Structures are given as C-alpha cells and as structure tokens.
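Need the complex rebuilt from these two chains, each delivered in its own frame; the hints are there to steer you.
Protein sequences, first through last, are from chains G and W. Going by the working numbering, the letters in the first sequence line up with residues 1 to 416, in that order. Going by the working numbering, the letters in the second sequence line up with residues 417 to 780, in that order.
Careful, some of the hints might be misleading.
[Stated by the list, open to error] Once the Cα atoms are required to be at most 20 angstroms apart in a straight line, the calculated EDC-like pairs of lysine to aspartate or glutamate come out as:
#: 1; chain 1: G; residue 1: K330; chain 2: W; residue 2: D498
#: 2; chain 1: G; residue 1: K330; chain 2: W; residue 2: E516
#: 3; chain 1: G; residue 1: K330; chain 2: W; residue 2: E515
#: 4; chain 1: W; residue 1: K537; chain 2: W; residue 2: D604
#: 5; chain 1: W; residue 1: K442; chain 2: W; residue 2: D490
[Said to hold, decoys possible] Listed next, with one range per pair, are the computed distances between beta-carbon atoms:
#: 6; chain 1: G; residue 1: F325; chain 2: W; residue 2: E531; range: 58 to 64 angstroms
#: 7; chain 1: W; residue 1: E437; chain 2: G; residue 2: G323; range: 42 to 48 angstroms
#: 8; chain 1: W; residue 1: R529; chain 2: G; residue 2: R195; range: 45 to 51 angstroms
#: 9; chain 1: G; residue 1: W329; chain 2: W; residue 2: R529; range: 18 to 24 angstroms
#: 10; chain 1: G; residue 1: F325; chain 2: W; residue 2: K537; range: 28 to 34 angstroms
#: 11; chain 1: G; residue 1: S310; chain 2: W; residue 2: G695; range: 51 to 57 angstroms
[What the hints assert, rightly or not] To give an idea of the chain G side of the interface with chain W (calculated C-beta under 7 angstroms), a few residues:
#: 12; residue: S312
#: 13; residue: R315
#: 14; residue: A316
#: 15; residue: R318
#: 16; residue: S319
#: 17; residue: L320
#: 18; residue: G321
#: 19; residue: A322
#: 20; residue: G323
#: 21; residue: F325
#: 22; residue: P334
#: 23; residue: Q335
Source of the hints: derived by calculation from the structure; they are not laboratory data. Keep in mind it's a predicted model, so treat the numbers as computed, not measured. By construction, the Cβ of each residue, glycine as well, lies at the ideal position given by its N, Cα and C atoms.
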Amino acid sequence: MAIMAVQSASNLDGMLLRIKLQRVERRRKLRAFTLVLPLLLLNLIAFVSPIGRMMFNAIHDDTLLTLMPRTTAALSAWDGKDLPSESAYAALAEDLKQAWAQKTSGVIGTRINYELPGASGEVASSARQASTLSAAPYKAALIEISPLWGQRGVWSLLKRGHSAYTAYYLLRSVDYQYGPDSRIVASPPEYAVFRDVFLRTLGISVGVTAATLLLGFPVAYLLARLPLMTSNMLMIMVVLPFWTSGLVRTTAWVILLQEHGLINDMLMALHIISQPAALIYNRIGTVITMTYIQLPFTLLPIYSVMKTISPSYIRAARSLGAGPFYAFWKVYFPQSLPGIAAGCLLTFIVCLGYYLTPALVGGPRDQMVASFVAYYTNEELNWGMASALGAILLAATLLLYYVYNKLVGVDQLKLG
Amino acid sequence: MPDASNAFVRFSDIQKTYDGETLVVKNLNLDIPRGEFLTMLGPSGSGKTTTLMMLAGFEVPTQGSILLGGRSIDKLPPHKRDIGMVFQNYALFPHMTVEENLAFPLKVRKIGRAEAEARVKRALDMIRLGAHGKRRPSQLSGGQQQRVALARALVFDPRLVLMDEPLGALDKHLREQMQLEIKHIHQDLGVTMVYVTHDQSEALTMSDRIAVFNDGVIQQLAAPAELYERPQNAFVAQFIGENNRLHGKVVAMNGATCNVEVPGAGNVQALAINVEAVGRPTVLSLRPERVKLNPTPGSLPNVFSARVAEVIYLGDHVRTRVSVCGHDDFVIKLPNSEGVVQLEPGTAITIGWKTEDCRALDAS
Chain G
1 MAIMAVQSAS NLDGMLLRIK LQRVERRRKL RAFTLVLPLL LLNLIAFVSP IGRMMFNAIH
61 DDTLLTLMPR TTAALSAWDG KDLPSESAYA ALAEDLKQAW AQKTSGVIGT RINYELPGAS
121 GEVASSARQA STLSAAPYKA ALIEISPLWG QRGVWSLLKR GHSAYTAYYL LRSVDYQYGP
181 DSRIVASPPE YAVFRDVFLR TLGISVGVTA ATLLLGFPVA YLLARLPLMT SNMLMIMVVL
241 PFWTSGLVRT TAWVILLQEH GLINDMLMAL HIISQPAALI YNRIGTVITM TYIQLPFTLL
301 PIYSVMKTIS PSYIRAARSL GAGPFYAFWK VYFPQSLPGI AAGCLLTFIV CLGYYLTPAL
361 VGGPRDQMVA SFVAYYTNEE LNWGMASALG AILLAATLLL YYVYNKLVGV DQLKLG
Chain W
417 MPDASNAFVR FSDIQKTYDG ETLVVKNLNL DIPRGEFLTM LGPSGSGKTT TLMMLAGFEV
477 PTQGSILLGG RSIDKLPPHK RDIGMVFQNY ALFPHMTVEE NLAFPLKVRK IGRAEAEARV
537 KRALDMIRLG AHGKRRPSQL SGGQQQRVAL ARALVFDPRL VLMDEPLGAL DKHLREQMQL
597 EIKHIHQDLG VTMVYVTHDQ SEALTMSDRI AVFNDGVIQQ LAAPAELYER PQNAFVAQFI
657 GENNRLHGKV VAMNGATCNV EVPGAGNVQA LAINVEAVGR PTVLSLRPER VKLNPTPGSL
717 PNVFSARVAE VIYLGDHVRT RVSVCGHDDF VIKLPNSEGV VQLEPGTAIT IGWKTEDCRA
777 LDAS
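Next up, chain W with everything else stripped away, as it sits in the complex (with noise of 0.2 angstroms):
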C-alpha cells in the first residue's frame, strides 16, 4: 500500500447500492498518485462510471470515503470540488459559442476579463481550434466538439479532470488520433486523470495504470504491459488482448509452476499464478502470438501437435484457428513476415509454448 501522502486520489473502503439489494461497488480501495493517468477499464455494468461519478461528486457512495489532496470530499458538492470532467457526449452548451463554453468555468470563478480572455485564447490554441471560438458546438465535427470538451475541462486549471468514455461517439480513426492527443495533454500538463473506458486498446494506449472492473471490483491494477503480460486472473486475461483457454485439472504444485492435466492433451506445465490446490480446476490462458510453430523437439516443455482448421489473412498478421487438446477454437497469430511458413487448412503441425507464456489461472 502506497503511503498517504502518494495518494492524491484515495478511494477507501467504498460501497454503492442503487437499491439497497445488489452492490454496484464492493469494498472499493484505490490510491491514485498526483499526475498519473488511471484508466478504470470494464464492461458496462461493471461500476467504472459509478465510481467516477462518486468522484465528481454526481453519485453518494453509500460507506466509506473518498479523499483529493488528503482531504475527505464527502460532504463537497460537485461545484466545489474543482473537478473538470469531460462527458461521454461531451455535454458541451448549445446556446454558447466555443469560447463562451471555455469561459464558463472562469466566469463562475470570477477570474477578471483579461485573465479570462488570454486563458480561453490559450486553450483554444492548445486543440488548435483557434479560429473557431465564435462558432457554435453544433458547426463544429464530433472530433472538434471533442476537443472543445476536454479545453473545458482544463481550462480552469482543475485539480483533477475525469473523463467518462469521452472518445465514444468517434470513429476509429478519429479516436485513434485523439487518444495520443489526450496522452500529450497529460504529459504536457502533469495533471492527474482518471479517464473510464470500456475499450481496452484505448486503456493500453493511454494509461500509466489500468484497473480493470468487474462486478464491482478491481480486478487488477496495474500497469499496461503487466496487465497484459501477467494477468492475475481469469477475467482480466480474457477482457485484455485475445487468449487461448484451456480447462484443466491441477495435478502437481512445485513452487513457481505446476502440472495440470487437460483432457485430451495430457500433462502441461505452466505458471502458477491463481490456483488453490492439487486436485482443482484451473483455466490456462495462453496468448496466440506466444505460440511457436512447429518447435524443435525437446526445445520447449510444452509440444502438441494439431491440425490447422482455418486460415484468416489479416494484412499484418495471419490469424490460424487450429485444432488442438479437443479443443478446435485454439487460435494463433504468425506475424506476417520473411521466412513463415504459409499454412493451408487440413495440414498437421506441431505447436508449443514456454511455462512462463502459460499461465494457470482461476476456473471461472
């Protein structure tokens, strides 16, 4: 646990009920250091906005407390928290111009005219739409409105700035590109976000620190690469990137790795990283681009040999579903590069993989 003075946002001991029936949120503890960019990442339903909106101030946790700064802000209302908060659809005020919206969080702050001005000027340079402060959100694209949004929630110098799925509403491309926009702003201003998402690619590419929700809970915390290379159970594996699951019996424990029995294949080694004890189910979850075609005998601890049931040509990659362990939905991703061989459907092959790629997890 990091000390207090680490957590410019702590969460501690958080519950929210809607009905008095089910939890939403469930003992939620959650520190976030001063300028970092956490991502809360989950399927809808899953508490990320609640939590959020508890945050800003928009939702009363029903136990516990939040803290900003070191100080509770249970009893705040939303105005005083100086929060800036970027909206799923951007909520920016129709019967204003762009420049009326980014003056409005100065003007409620009675910031004097000139001050107002030259800030407004500044970040409307800053997403490069300062030839559009006259108009209004309706004559600007989605991606402008986007912008103007996320100005608005800067522009007052807040202390914290949330963002609810902001990048929704864009297409691919358009989020793509803001996604890196947002990532320089936090890197440019130092300001500590907390951005919700349900799109994991989105929370790779921005975060310093995912926390993937499910049910009501953090599921893990940590860090992009860790959250993809190492995922401490089941449910993050599977939301994160592609993986191959398979249902297994644990049947040796020694130490770092065990030995789990999957029926059909026999005996593989793996990590053990979220099993109870010799004799319970485990899931092993395998990511497709760590599976090595056709290995040297003897080179790896893991070999299997199968047949290729389908062949998907994705440009960069090439996607090959093949059949294995009885199991026919195990899919790999050859890079497409010199000197890989091409696969046809039908053909028998070896597969294999490293313990430390094959992580034996909770049987969910």
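So that you can see chain G by itself, here it is in the shape it has in the complex (with noise of 0.2 angstroms):
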C-alpha cells in the first residue's frame, strides 16, 4: 500500500513536471513563432501562393466552357468521327451571336487560335455573321460562312472544352499537341522549339556552373590560404561586383565583347585576329557574361569551406610521405567538397532562371526558358504557355535536386 501511494505521488509530480515543462515550451515556441511570422507571411504571399497560382494556371483554361458553354456542352456526346449533328451547330450559332453580343469573341478566338493557327480572324468574322442567322439549318450556313466549321480539329477543340483542366500547355511546352482526333501527337517543327530550350538552358547553366567552378576554385584556394589582411583586401574585389546591379553588368560585358569592342580592338591591335570575332549576340558571349556574374556564387561557398580545412592536414600529408599535387587531390580537395557542391548547386539553380543576360547578349538561338516565359506572359498574353514553362522547369529543377542530393547528399553541403 505504501508503496504503492509513493509511486502514485512519484507519477503526479511528473505528470506535475511534464506540465510545467510544456508551460515553459509552449511560451519559448510562440516567441519563436511570432518572430519568424512576418517572413513566413511574406514567403507565403510573395513566394508559395505566385506559384502555386502559376502551377494551376499551367492545367486550367475554362476560356471555351465559360464563353461557349451550349457548344461545349451540346459536343459531350459526339463521337467525334463524323462532324457533329446540327444541333451543335445550333448550339455554336447561339453561342457566336453571344459571343459577338458580349464582345468576347476576340478572347475566344486567341484560345482557338493557340491549338489552330490562324483560326482567329474566322473566329471573329463567323461570329459577326452568325448574328444575322436567324433560322436552321445552321450546320450549312456556319460552314459556309467559314470552312473552319467543317474541320473536324474545331470540334474536338471545343469538345476538349468542356472540361475548365486542359494538358494542352504542358504538351506544348515538350512539343506534343492533340490531333484533330483529341490524340496526343509531335507538333509540327515549325512549332516544336521548346525541347530544344529546355535542353539549351541544361546546357548553358552545366557550361556556366563548370566554368565558375574551373575559374573559382583556385582563387578560392588562393584567397583561403592568404594571410588574412591580403585576403580580405582581394575578398573585396570578389565581392564588389555583388554590390552592381546585374543589367550594369552584363552592359559592361556589351562595351567589351561588341564588334569593334575593347577584346576586339585589343586583339587586332595585337595582330592576333584580322577579322573582328564574333563574341557577342552569340553562345560565347552568353557564356562569357553569365560566368562573371555568377563567380561569386560559386566562389564563396568553396572560400568559406576552405577557410576551415586546417593547413596541417597537407603537412601531415606531405610528412607522411605524399608528394604536393597527392596530398592536395587525397587530403584537401575531398574536404573542399562540400563548399563545391554548395557553389555548384547555387550557380546552376541560378542559371537555370537567366533571362536578362541572354537577352542583352544572346542571340535568338540562346535564349533561355525565362526569356519564352517572358515572352509568353508580356507580348502574347498566353499565361497557359508561360505557366507550364514555369511549371515543367520548376518540376525539372526538383528532379534535379533530387538526383543531386542522392549524388552528393544535400545534409553534406555547406553554404557558409
């Protein structure tokens, strides 16, 4: 009895115990919470919801089944082998004289016109003149007034839009488009581009972040083992560039490289050259200009990393017998590594979303999957296209991470 009465008094005081711990907890957490509030409310609205807008924006386009809904609804049970009955057609002249009515036939027009080129104008003329149809049967009429009605590609357009999620910017975006028989097909050359984007970005940020990586590595070699006062002085100069904005930058880079430019200049002074070289508006110059600006981020990580590897371990390499170029490759550049993942990883995560540099100077065959996202949202209004670009760049990047982590380990990197 009295012992158990002791253990019931020992397991009060710590129920008692747990109690007052999580008191004191809970108050550390909520004063840790509302200090990190502010950014996290920030990262949500500026950061987490852009993208998660653009995510949904890359599948849902309701364009047709807002603004053509009898049509879309009157094709839910066409086969689709045949052109439709003419109560769709009836359905399509109603919906025109709307459309015309509204002052909305423009919109629908562009959205035709994305998966139909050049459908547009007859999308805005049938719509003018279906508003003077007032009787059946419309099925000839609408294809009199226009042959567009008569393809079957339309009509499986429309019937598609019955449905607000569409897959059709993501297969765009990777050179697939449906066929006139709702079937997932190659698109045609002349508007298969964008695998050939996606693979140039890959190519120029791996040609960027190994070229930073070759020039960087040895400064930061240099700059880690410098006594400190030096190495805070070329620190500096590392650095300055940070403080510049990027357009200045690559502006510089134009003066440099252009035609008659001073590299230009300088090397036909020197008799080296006899025809300027072209380095601008080109792939080099590109390359050239996205290294310099990048340098530093790549340079830091490995700097800050090498700071820290003690110089003893290369003497007790070459004291046990290990010649210079042994015991740097076996001793210190394994324990450089961390600082050049971290750098390497910063600088292509960067490239991969260059947009400035190779529009200033690039020429049109090196311009980088921002540059159509860019395109997409400002000149041509499509948000679909802009949206799976981002998409499909974005879910590339993770699956990048994501062998780079299982290559490397991401616990093992060091930022600084």
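In structure tokens form, the structure reads like this:
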C-alpha cells in the first residue's frame, strides 16, 4: 500500500513536471513563432502563392467552357468520328451570337488560335456573320461562313473545352499537341522549339557552372591560404560586383565584347586576329557574361569551406610521404567538396532562370526558358503557356535537385 | 662533441629568421643519437617549434644545414624525408576512417595491400583501438584520436618521429597516461623521437635528454635529472621545477664554491656555477625541497632565521612561504610524513641549506 502511494505520488509529480515543462516550452515556441511569422507570411504571399497559382494556370483553362457553354455541352455526346450533328451547329450559332453581343469573340478566337493557328480571324468574322443568322439549318450556313467549322479539329478542340482542365499547355511545352482526333501527336517542326529551349537552358547552366568552378576554385584556394589582410582585400574585389546591378554588369560586357569593343580592338591591335571575332549576340557572349556574374556565387561557399580546412592536413599528408599534388588531391580536395557542391548547386539553379543576360548579349538561338516565359507573359498574353513552361522548369529543377541529393547528399552542403 | 657516427640527426650552425631582422633560432648546433627521445622544451616563441619544422622540412633554415643519418636533407622536400610527424591538433584526415588514415602513408609508398592491411592491424592493436578501425576520427575521443595520430606517424617505420605538442589538447589525467604510453612505445620500438613541448613535467617524464630553448638558443642540453639537479643558468633553474632566487654579489671565489653577499642576510656559501668574477652580481638558486627546517646549529654552512608567512596544505606536501633575508616569497616544501613539524603562520624558525644545493648562477 505504502509503495503504491509513493508511486502514485511520484507519478503525479512527474505529470506536474511535464505540464510545467510544456507551459515553459509553449511560451518559448510562441515567441519563436512570432518572430518567424512576418517572414513566413511574406513567403506565403510573395513566393508560395504565385507559384501555386502558376502551377494551376498551367493546367486550368475555362475560356471555352464559360464563353461557349452551349457548344461545349452539346458536344459531350459527339463521338468525334464525323462532323457533329445539326444541334451542335445550332448551339455554336447561339454561342457565336452571344459572343458577338458580349464582344468576347476575340477571346474565343485567341484561345482557338493557340491550337489551330490562323483560326482567330475566322472566329471573329463567323461571330459577326452568325449574328445575322436567324433560322435553321445552321450547319451548312456556318460552314458557308467559314470552312473552319467544317474541320474536325476545331470540333474536337471545342469538345475538350467542356473540361476546365487541359494538358494542352504542358504538352506544347514539351513539343506535343492534340491531333484533330484528340490524340496526342508531336508538334509540327515549325512549332517544336521547346525541348530545344529546355536542353539549351540545361546546357548553358551546366557550362556556366563548370566554368565558374574552374575559375573560382583556384581563387578560393588562394584566398583561403593568404594572410587575412591580403585575403580580405582580394575578397572585397571578388564581392564588389555583388553591389552592382546585373544590368550594369551585363552592359559592361556588351562594351567589352561588341564587334569593335575593347577585346576585339585589342586582339586586332596585337595582330592576333585580322577580323573582329563574333563574341557577342551568340553563345560565347552569353556564357562569358553569365560566368562572370555567377562567379562569386560559386566561389564564396567554396572559400568558406576551405577557410575551415587547417593547413596542418596538407603538412600531415606531406610528412606521411605524399607529394604536393597527391596531398592536395587526396586530402585537401575531398574536404573542400561540400563547398564545391554547394557553390555549384547555387550557381546551377540560379542559371536555370537567367533572362536578362541572354536577352542582352545572346542571339535568338541563346534565349533560355525564362525568355519564353517572359514572351508568353508580356507579348502573347498566353499565361497558360508561360505557366506551363515555368512549371516544367520547376519540376525539372526539383528532379535534378533530387538526383544531386542522391549523389552528393544535401546534408553535406555547406553554404558558409 | 659526439662523433659524427653517433649523431643520427645533426643541426649544424642553423639560423632562422622570418622577417630578416630578428633571429628566431640562433646558431643552433645539436646532435641527436639514434634511438634517443629528445625533448625541445621552452616557452612559446623560444624557437623550438621552428626548429622542429625545419627538421620536418616545412621551414627552410636561413643558414646552416641539417643532417639525417649522415646525409644533408636541406634539399629534400618533406615527403621524401621519411619522417613521421604528430601534430598539435592531430591532423587526422576527417574524410577517411581510422584504417584509411593509417593506410595513407603505406598507400603513398605503394606497399602491397596484404602487407598494408597487416601493418594497419598491427598498428591498431598497438594503440588498442582494434575495434575502431572503421570509425571516422570525429567519432573518437581526444585520447583515441591522439593514439591514432601516433600510430599513423609510426606505421610506415619512419627513420624519425617528430611530435609537436601532441598532448596539449588533452586533460591532465589523460595527458599523464599518454606520456607513459608514448614513452613505452619509444622503448619498445627504439625509434628516434624528437618531441616539442612547453610542459616541463611532460619533458621530465618522457625524455632521454631535454634541450631547454629560450630566445632562439639552447640554454642547456641534459638528461632530466641533471637538468633539475644542476641547472647551468638562471633561466633553466627557473623554468624547470620550482626554485627560490636570492639576488646578491660575489664577494669571494674559492675554487668550486664562492661567497655571495645577499642584502639583508649577509654571507651565503654557494656552488660557483655561472659566476664571472668577484664583485659581479649573481642569482642564488635553491630548490624548495632542499631547504632544511630548524637545522642543528653548526650542521649547515648556511643558516638563517625566518618567520612563517603562509602555510598551504597540498596533501602530499605542505608548501610553506617564509620571509627570510628580506625576501617574503621564499618557499619551503615539507613532505607530509610522520615526524614533520606542523607550522603556524607567524612562528619564528631557522632554515638552512647545504652549499651543494645552492647554486650561484648568472644574474638575469
């Protein structure tokens, strides 16, 4: 009995202790949460929600569903083998009349035009002329107005419009599209540019990352081994470009690289070349300029890791019989890998999203995914395509990150 | 001077300066016989580490040359010197396991895999870490890391092993344990070892001979007992063990002994070790444990009356600070054994010492 009483008392004490601990912890957690809250909200509003919205835009499009409700509904029973029946044409005529009255035929035309290039004008004129049609039969009359309505392709497009979700934008982003029978087919060569753009983006990013590593590693090594005074001064020179806008830095390279720019003039003055070399508005200019801008991003994490590697490791390796190169390669280099991995990852991911530099110093064949996103957002106003390209880039980046994590291990990374 | 065949390592006329103005090492001449455990002991900035680094090949002497096994190694890069080295922070390669660390010098030397594995295993057994071979250095305790560093410096059977304050990062207990372990390894393997430390008890524990460095110069090179019993100058007397210093002036020289006039005390008889001439200042050095308490009158040449100022109980001995001859920092060590008088502060006593225990040294 006595023992049991003691046990229950200690249990009670234990519970009280736990409650006390929780109370103290709760207050601490609340304080920490309050401190984090502004940043969390900012990230939610400015980062997570636009990205979520964009991903949604890539597959969501209810233009046809809302603006042509009768036609899309009438087509749900259509088998897609032949042209639809008179009732579908009647619905179409009604929708076109409504579109003409509400001035939405332009929007419908644009949407149809995405998948059937050249259809935009046909839709507009059909809407105008359909408004004068008053009685059945509509089928012959509409085909008379525009041969567009005699094609199966437009009807299968309208049938797909019955759903507010479409894979069309994502398919286009990887050079596929819907055929006239709603089957997925490869895009015709004149529109099949996107796989090329993605590969180009990857290629340029890999190239720039490799170039920054090759240039940055020796500098980081030097900086990490110099006396503090000297290395601080050199470090300022490395970081200085950070304080200058990317636009200014890119423009500086325009001055250097252009046909009669500093580099060409100098090479010609030295009689190394007789004709100005093509250094700008091509791949060379893009890679050079991006490498220059990205160099500190790769260098700084490597430097900060190297700073922590004691010089006595090299000495130890030397005293154990390793030559200078062997000691560096087997002892120093492996220890700097976390920095290399972090720096390369940082530069690679930033490179994937480059827009400004290729736009200013690249040619038409050097534009990266971001340029096309901007084009679809600002010029074409085709947000579906812009979103789909962005979503695919994001997915590819996450996939690469996953592979990278498997290879290197992100817990191995050190950013500083 | 030992003959050249006896000198396995020879520093001859070594000078080293970093800035072209001050010499860190001045005219160093040092012979180390094969199989010796030699310690370079001294305060920081005394040139001992620089000397070690010159031997290892990481620093280049400004002047002079170093011979190893009778051959100059001045032009030999560190990795060709065949010298094992243990660093202050161990410098175990963090990205390798213990086994890989130990195999590193063997791999560099292109020693066959079977042979290398056997040697690594033997080395691990020697340091009693046989079960830890697959761990990373960061998963070991400080003492274990230290032992791995030691094994790595020994595993390739180097001609010479250098250690740069290898026990500095360990706590006192572990340090003492490792001192004995290193000493035993040295005795078992018979390899020549050069050890750098600023800890005198470490030096006394382990060394065959100790070179006491100060100000870029070897102050005294001797066996531990010799160094403690017979310091040749005031710096060594001060640096090794505890010692009472009495400043005075030489008034008479009688061969091996001399008379020194100490202000406030009068005439003290001492061994003339490092005195120049009559009339010159000198410092008398006296070990605290050699001072006799209340000696029988007439039994000792030097007897003075004193007063107990402070008594500090230290377990194995009682440290008594007395004021004598105008000095009140004069220390006597009394063993805590039967029959030793217990003193109280304020007690008037007499103290005395033999002439042989009182050494007249240079006045620094």
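Chain W contact restraint on A322(G) - CB to CB distance below 7 angstroms: Holds, about 5 angstroms.
Hold the hint about P334(G) up to the distance rule: shortest CB distance to chain W must be less than 7 angstroms. Holds. Min distance 5 angstroms.
For a C-alpha distance cap of 20 angstroms, please report whether K442(W) and D490(W) respect it. holds, 18 angstroms
Quick one: are E437(W) and G323(G) within 42 to 48 angstroms, going by C-beta? violated, 34 angstroms
Sort out whether D498(W) lies within 20 angstroms of K330(G), counting only the CA atoms. holds, 19 angstroms
Once the shortest beta carbon distance from L320(G) to chain W is found, is it less than 7 angstroms? holds, 4 angstroms
Within 45 to 51 angstroms: is that where the Cβ-Cβ distance between R529(W) and R195(G) falls? Check passed, 49 angstroms falls within 45 to 51 angstroms.
Under 7 angstroms, Cβ to Cβ, is where G321(G) needs to be relative to chain W, so tell me if that hint holds or is violated. holds, 4 angstroms
Would you say the C-beta atoms of F325(G) and K537(W) sit inside 28 to 34 angstroms of each other? Once the Cβ atoms are compared, 29 angstroms apart, the range 28 to 34 angstroms for K537(W) and F325(G) holds.
Would the hint on S319(G) stand, with a C-beta cut-off of 7 angstroms toward chain W? holds, 4 angstroms
Is 18 to 24 angstroms a correct range for the gap between the Cβ atoms of W329(G) and R529(W)? At 20 angstroms between Cβs, range holds.
Quick check on the hint: Q335(G) CB to chain W CB, less than 7 angstroms? holds, 6 angstroms
Against the hints set out earlier in the document, violations occur for numbers 6, 7, 21.
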